[in-house]
Amino acid sequence: MTDGSAVDTRPTKIMYVAEATAHGGRDGYVTSQDGQLELKVAMPPALGGDGNGTNPEQLFAAGYSACFHNALVMVGRRSGFDLSGSTVAAKVGIGPNKRRGYGLAVALSVSLPVVDEGVAAKLVDEAHDACPYSNATRGNIEVTILLG
590 MTDGSAVDTR
600 PTKIMYVAEA
610 TAHGGRDGYV
620 TSQDGQLELK
630 VAMPPALGGD
640 GNGTNPEQLF
650 AAGYSACFHN
660 ALVMVGRRSG
670 FDLSGSTVAA
680 KVGIGPNKRR
690 GYGLAVALSV
700 SLPVVDEGVA
710 AKLVDEAHDA
720 CPYSNATRGN
730 IEVTILLG
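Under the numbering used here, the first residue of the sequence shown is numbered 590, with each subsequent residue one higher.
One or more of the hints may lead you astray.
Unchecked claim - Derived lysine to aspartate or glutamate pairs resembling EDC-like cross-links, with alpha carbons at most 20 Å apart:
no.	residue 1	residue 2
1	Lys629	Asp639
2	Lys629	Glu646
3	Lys687	Glu731
Since the hints were derived computationally from the structure, they do not count as laboratory data.
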């Protein structure tokens, strides 16, 4: 996979803006400006909370997996493959970093049952280059991609 160094991944034109607001941080709720999203947020038990709600890591995992899967289907279509039966699962881990804060790590598990492993690896590399989440995280957090 390419590391994307020295490649400018900023958008040249903004086509859509999502807007969400957090109320109460990790023990509150989040809403979207259009009313499509209203979720209770709670600390997971592993971080000392009751787990009675979603958390930012789950939301990030959902967003990254959906976005990466869309990029994968797009590059597959360009290469003549129907990847609608494929899946992408994301695991987002959080833990302390060396700067007295916290950091994230991501593992994406990609299932491409309709193509051989060599083609799958090529398509995954292309999707990783195209995906906005991959471009935003490249060089900032560890992202591991597993083919399965």
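Verification of the supplied hints:
{"no.": "1", "hint": "Lys629 with Asp639", "in the structure": "12 Å, holds"}
{"no.": "2", "hint": "Lys629 with Glu646", "in the structure": "13 Å, holds"}
{"no.": "3", "hint": "Lys687 with Glu731", "in the structure": "15 Å, holds"}
When held up to the earlier numbered hints, the structure conflicts with none and fits them all.
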